[in-house]
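J.: One point on numbering: in our numbering, the residue at position 21 of the sequence shown is 21, and numbering is uninterrupted.
These are calculated hints, taken from the structure and not from any lab test. Every residue gets a Cβ at the ideal spot worked out from N, C-alpha and C, and that includes glycine. Any given hint might turn out to be false.
Ranges between beta-carbon positions, derived for each pair [to be verified]:
(1) 20 - 107: 33 to 43 Å
(2) 178 - 78: 22 to 32 Å
(3) 31 - 191: 38 to 48 Å
(4) 36 - 157: 44 to 54 Å
(5) 24 - 168: 15 to 25 Å
Here are the computed lysine-lysine pairs in the DSSO-like style, where the Cα-Cα straight-line distance is at most 30 Å [as the list claims (entries may be wrong)]:
(6) 147 - 75
(7) 108 - 20
(8) 196 - 75
(9) 93 - 5
(10) 147 - 108
(11) 147 - 78
(12) 58 - 108
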Amino acid sequence: MKETKWKDNVILVDADYVDKVAFDLTVNFERMLGRRIPQADMAQWLECVALDGGLRPKANSQKPTATCQVVLLHKQEKMENFIPGSFAELDGKAFEGRLGEFLISCVKVEELTTMDDLFVDSMQVLSNAEEVKRLIVVPDAEHIYNKVREGLRHADDEKRITVLAMQPMEGGNFRQEILGYSLMAALGIKSEELNKMS
């Protein structure tokens, strides 16, 4: 990862974990709402994550100007609860959204390391990369939050770093957002539906 020329905006994702969370949300909301929940829209989810990380559309701009690099770390072959979900299909692809261009890279976790170690190492490389101004990380926070917090302790204060987790975690040198909101949007779960239930 060290020789890569990074963009200003980077999203680092434990894709296996996010797929599991999307599955759990699907099962729970199908039961609560009494309807089928479709697979999560990958492009919509990434745009929501970028918004959570503070990326905004340029005012009065005819075309989006930001570029966002997305790194999906994975062990499994595909994300069962996303469309598109095949890493072979996603790797090297890009899409244009209202925030700009999203460039996707998929990195398989090989036998020599673990997802946790690769995630933390990658996160530290990115947080130290001079060209990265905005870093959004989506770790398996239930298991490695302390490593994430420790790994970002000495990150440059000029960088905007956001960690997405399913619940607020004990403070660190970064902003926090709730992962569930972006996933619910990508799964087509609307707040009006939830309001009707309360």
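J.: State for each hint whether it applies.
T.: Hints, verified against the model:
1. 20 - 107: 33 to 43 Å: Between residue 20 and residue 107, where Cβ atoms are some 18 Å apart, the hint is violated.
2. 178 - 78: 22 to 32 Å: holds (25 Å)
3. 31 - 191: 38 to 48 Å: Hint violated: Cβ distance 18 Å, outside 38 to 48 Å.
4. 36 - 157: 44 to 54 Å: Hint holds: Cβ distance 46 Å, inside 44 to 54 Å.
5. 24 - 168: 15 to 25 Å: holds (18 Å)
6. 147 - 75: holds (20 Å)
7. 108 - 20: Roughly 17 Å between the alpha carbons, so the hint for residue 108 and residue 20 holds.
8. 196 - 75: The given pair, whose Cα atoms are some 39 Å apart, is violated under the 30 Å limit.
9. 93 - 5: Holds: residue 93 and residue 5 sit about 17 Å apart, inside 30 Å.
10. 147 - 108: Distance of about 21 Å is within 30 Å: holds.
11. 147 - 78: holds (26 Å)
12. 58 - 108: violated (34 Å)
The structure shown violates the earlier hints numbered 1, 3, 8 and 12.
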